[in-house]
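Sequential numbering from 1 applies to the sequence shown in the numbering used here.
Hints are computed from structural coordinates only; laboratory data are not their basis.
Be a bit skeptical, because a hint or two may be false.
[Unchecked claim] EDC-like, lysine to aspartate or glutamate: derived pairs with alpha carbons at most 20 Å apart:
1. Lys-216 with Glu-204
2. Lys-216 with Glu-34
3. Lys-35 with Asp-64
4. Lys-74 with Asp-110
5. Lys-89 with Glu-104
If you're wondering where the values come from, they're calculated on a predicted model, not measured in any experiment.
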Amino acid sequence: MITFKDCLRTLRREYHVRAGKSPNTHVQVRATKEKHGSAYGGWVINPDLISKDSIVYSFGIGNDISFDLSIINKYGVNVYAFDPTPKVKDWLAAQDLPAEFIYEGVALSDKNGNMKFYKSANPNYISHSSVAINEQEDFVEVPALRLDSIMKNLGHTYLDILKIDIEGAEYPVLKDILDSGVRIDQILVEFHHFFSAFSKTDTEDIIRLMNVKGYKIFYISPNGYEYSFLRKQ
Numbered sequence: 001m002i003t004f005k006d007c008l009r010t011l012r013r014e015y016h017v018r019a020g021k022s023p024n025t026h027v028q029v030r031a032t033k034e035k036h037g038s039a040y041g042g043w044v045i046n047p048d049l050i051s052k053d054s055i056v057y058s059f060g061i062g063n064d065i066s067f068d069l070s071i072i073n074k075y076g077v078n079v080y081a082f083d084p085t086p087k088v089k090d091w092l093a094a095q096d097l098p099a100e101f102i103y104e105g106v107a108l109s110d111k112n113g114n115m116k117f118y119k120s121a122n123p124n125y126i127s128h129s130s131v132a133i134n135e136q137e138d139f140v141e142v143p144a145l146r147l148d149s150i151m152k153n154l155g156h157t158y159l160d161i162l163k164i165d166i167e168g169a170e171y172p173v174l175k176d177i178l179d180s181g182v183r184i185d186q187i188l189v190e191f192h193h194f195f196s197a198f199s200k201t202d203t204e205d206i207i208r209l210m211n212v213k214g215y216k217i218f219y220i221s222p223n224g225y226e227y228s229f230l231r232k233q
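Please work from the sequences and hints to get the whole structure.
Written as structure tokens, this is what we have:
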């Protein structure tokens with residue numbers, strides 16, 4: 001359902017695109033769309049490609065797993081949820097989770113090894129970032145792996161859905177994933193061109209590369225941050 005606020009966000013995004021302040025992007029292919037999750041933590045998928053046997057990876061879950069639980073409830077899929085943030089692990093331990101929700105305490109990166117995860121300046125904000133934002137230097141070290149390494153560890157050769165909300169690390173990570181040739185049917189990603197460390201050009205460049213690799217946009221959120229891509233069959 002499209003809300004009045006969504007309409008305002010869409011108009012604001014279109015204005016910013018024309019003014020050169022937001023990425024010049026648009027939906028590239030028509031597809032069935034289905035929203036899962038809350039207003040804050042929801043994502044749009046193409047349900048035509050989903051079955052009980054689908055493999056879903058969800059990177060950067062924070063304390064909103066409404067998307068993950070929604071697709072589990074509807075399709076009975078296994079969702080592998082990744083977030084090494086200490087507070088996330090503690091929060092999950094207090095939740096009543098279905099067996100299909102499988103937690104992995106590792107970060108997604110473009111290289112294997114340990115990674116600095118910077119804390120938010122807001123103590124109430126649970127998410128961390130591999131990018132130091134607002135000169136925040138307080139960090140924890142967490143294990144990090146490339147996607148193909150994670151998939152090998154878990155015994156997977158392809159993914160039906162890859163969801164990425166990793167606070168700015170998506171740019172090098174997506175390039176690494178595309179270069180690796182891993183088969184992924186749908187990629188859902190939040191782009192962080194609104195962070196001071198990045199720009200709209202970073203988002204435009206990675207989308208251009210995704211297009212070259214066969215991924216087309218079938219949904220853009222009203223605020224212009226969350227994108228859903230389909231792999232050309």
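Lys-35 and Asp-64: Cα distance at most 20 Å?
Holds. Lys-35 to Asp-64 sits at ~15 Å (cutoff 20 Å).
Holds or violated: Lys-216 with Glu-34, Cα cutoff 20 Å?
17 Å, holds
Given the hinted pair Lys-74 and Asp-110, is their Cα-Cα distance within 20 Å?
Status violated; Cα separation ~32 Å.
What's the verdict on Lys-216 and Glu-204, does the C-alpha distance respect the 20 Å limit or exceed it?
13 Å, holds
Decide if the proposed pair is consistent with the structure: Lys-89 and Glu-104, CA atoms, cutoff 20 Å inclusive.
9 Å, holds
Going through the hint list in order, the structure does not satisfy hint 4, though it satisfies all others.
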